[in-house]
Each structure stands twice: as structure tokens, then as C-alpha cells.
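Student: Single-letter residue listing:
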Amino acid sequence: MIQAPLDTILMLAGMAVVTYSVRIGFWLGASHGFPPRLRRALEYVPVAVLSAIIFPTVLLPGGVLSVSIHNAQLAGALATGLIVWRFKHLLAGIGGGLVVFVVWRLVM
Amino acid sequence: MLPMLIGAAPFGLIFGTLAGPAGLAPWAAVAMSLAVFAGSAQFIAVTLLTGGASIPVIIATTFVVNLRHALYGASLQPHVADLPLRWRALLAYFLTDEAFAVVYHRLQEPAPVDVRRYFLGAALAMYINWSAWTVVGIAIGRNVPGIEHWGLEFAMVATFVGIVVPLLKNRAQVAAALCAGLTALAANGLPYKLGLMVAALVGVAVGMALEKREVRS
Numbered sequence: 000m001i002q003a004p005l006d007t008i009l010m011l012a013g014m015a016v017v018t019y020s021v022r023i024g025f026w027l028g029a030s031h032g033f034p035p036r037l038r039r040a041l042e043y044v045p046v047a048v049l050s051a052i053i054f055p056t057v058l059l060p061g062g063v064l065s066v067s068i069h070n071a072q073l074a075g076a077l078a079t080g081l082i083v084w085r086f087k088h089l090l091a092g093i094g095g096g097l098v099v100f101v102v103w104r105l106v107m
Numbered sequence: 000m001l002p003m004l005i006g007a008a009p010f011g012l013i014f015g016t017l018a019g020p021a022g023l024a025p026w027a028a029v030a031m032s033l034a035v036f037a038g039s040a041q042f043i044a045v046t047l048l049t050g051g052a053s054i055p056v057i058i059a060t061t062f063v064v065n066l067r068h069a070l071y072g073a074s075l076q077p078h079v080a081d082l083p084l085r086w087r088a089l090l091a092y093f094l095t096d097e098a099f100a101v102v103y104h105r106l107q108e109p110a111p112v113d114v115r116r117y118f119l120g121a122a123l124a125m126y127i128n129w130s131a132w133t134v135v136g137i138a139i140g141r142n143v144p145g146i147e148h149w150g151l152e153f154a155m156v157a158t159f160v161g162i163v164v165p166l167l168k169n170r171a172q173v174a175a176a177l178c179a180g181l182t183a184l185a186a187n188g189l190p191y192k193l194g195l196m197v198a199a200l201v202g203v204a205v206g207m208a209l210e211k212r213e214v215r216s
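Residue numbers (numbering that gives the first Met the number 0), protein chains in the order written: chain F, 0 to 107; chain W, 0 to 216.
Simulated from the structure, these hints should not be mistaken for laboratory data.
It should be emphasised that the depicted structure is a prediction, and the values quoted were computed from it without experimental measurement.
The beta carbon of each residue, even a glycine, is placed where N, CA and C say it ideally should be.
There may be inaccurate statements among the hints.
What the hints assert, rightly or not - To give an idea of the interface, some chain F residues facing chain W are shown, with a C-beta separation under 10 Å as derived from the structure:
| no. | residue |
| --- | --- |
| 1 | 42 |
| 2 | 68 |
| 3 | 82 |
| 4 | 92 |
| 5 | 100 |
| 6 | 106 |
| 7 | 107 |
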């Protein structure tokens, strides 16, 4: 289902404004440096936000908890994780995970 | 510089290909690359759209995810402070992870550099590159029938997993990941995907609390 044009424009405008504000924020007026607490919090933002997306997407396909050998997303995600952890190569991990996911879906 | 342009290509492709199935019209996908120009936030927006998230949640998530750009702004501030406002306003538009990495790296070298020319040159190359691959992805998504069933939707999840794994360097980060993930599972029923915000906050709070304890002990 395609999003209504007005919704799309609102969404894009909102995303653009928050992104630009964050980028230019420290370049307007005198800088008071970056608040240390916020800097520490930011260290955890990528891991927290992405995990909050990954867990439900992988473990709740269609809204139902699925921790089983039949879950192709879980198999693919584990494959990606292992490859990136072992070989430190993002694209290889994504490619490997994709292959595992597709094969898993066909076989299991 | 060239590795970064090539490295961005698959992600621009994936974004463009999956934007349609997620509910974005072709013009909207291009507009997002042109107006927001933030790869990870765009990936997340597409994933959230697919999951039926509301617009305020998508905007709030974009803000949180892109907050790190403020950190880049703070690091580069001494180098752009003397530029006229219109230059700062222009360069800020292109302050992505990659642009920061390239410009910051160059500024560490002893040889002097014209920040304006270097920054704008690098940024424009990345901007055009990202938008062009988005367009190619959209074209593929529209012309290859059934491509949304090839498992490409999994490429987004895989990308997120691949970004998270190298960041799990200490117990605080691992705990942040687990707590955010489990909270997101528990809060999945919340309307408008608000569970995402709750889970992210829990993850950050747990990470900071554990870090404090480790520093103390």
C-alpha cells in the first residue's frame, strides 16, 4: 500500500528538519562544547535502536514469537552476526546472511 | 574516498529497491535521499514503514539515530567557525558519517587544506552517488517483478545486525543490546510502534548505568 502523498511530505519534511537541525546545531553561534552526559548516552544509541528493531523483526514474524529452526530470518541474522564477528566484513556478512535466509526459507 | 562511494552503492540500491514495497512512491524515495541524505536513518524509516509505524515515531527515531551527527558537528566546529554563515549552512546539509570521516581525516594531516572546497567536493560526490544508486534501486524494484519476495527485505535486518555486532565491545554495550531487544519484544503491542522508543531508552539507560558501575569498581 502506497503512503498518501500528504503523509509522505509530512514524514520527509520532519525527517529532513530534525536531521538538518542536528547537523547544523553546533555551527550556529558560540559553541559550548558537547555535553559529556549526552556524549556518553550516544555511545549506546546505535546498539539500542538497532537491537530494538532487529529483535521484533527477527523473532516476531507476523506478530507471533517464533524461536525455532523454521525461522529463516533468525538463521540468516545469526549467519550475518557470525560472519561479521569472525571476519569483520559487513558486506560479506550481509551477503552470507541473505544466502542462508533464502536457502533456509526454501528448505525448512 | 572511492571505497566510500563504492561502499555506499549496495545500500543505495537496497534502499531504492525496498522503498516501493515499504509503501514509498518512487518520487518519495528519491526525495528522501535528496532531502534527508542519511543512509542508516533511511534504512530504518523503510523498515519502520514496512512494520506500520506512525510518522511521529519515524521522525523521532530519525532524530535519535542522527543525533550522532551533532557529535561530528562539535568536532568540526573549530574548523568551520570562521566560515560565513551561508557556507556553514550549506556544508551542514552534507554532514554524514562518511563526509565527517573523510573531512576529519584530512584535517588531521599536516598539509593545509581549504575546508570549503574539500568538504563540498567530497560531500557532493557522496550526495550524487547516494541519490544515483537510489534511483537505480527504484528502477530495479519497479522493473523486476516479485523482487520483494527475493528476501531483500532481509538485507535491511542483516545490515542492522552487521552494524551492531562490531559495536558489542564490552558488557555495557551487550547489555544495552539485550535489554533494548527484549524490551522491544515485550512492548511490541504498543500502538504506533512506540515500543521502539521505549526499548531504545531502556537500552541506553542500562548501558550508561553499567558503564558507571564498571568505572567505579
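Student: Against this structure, judge whether each hint is valid.
Tutor: How the hints compare with the structure:
1. 42: This hint holds: residue 42 of chain F lies near chain W, its Cβ roughly 7 Å from the closest one there, short of 10 Å.
2. 68: 17 Å, violated
3. 82: Holds - the Cβ of residue 82 of chain F comes within 10 Å of chain W, reaching about 8 Å at its closest.
4. 92: Status holds, d = 4 Å.
5. 100: Hint holds; residue 100 of chain F Cβ to chain W Cβ min 5 Å, cut 10 Å.
6. 106: With a closest approach of 13 Å, the residue 106 of chain F hint is violated.
7. 107: Not OK, violated: residue 107 of chain F not within 10 Å of chain W, min 13 Å.
Hint compliance for this structure: hints 2, 6, 7 are not met, and every other hint is.
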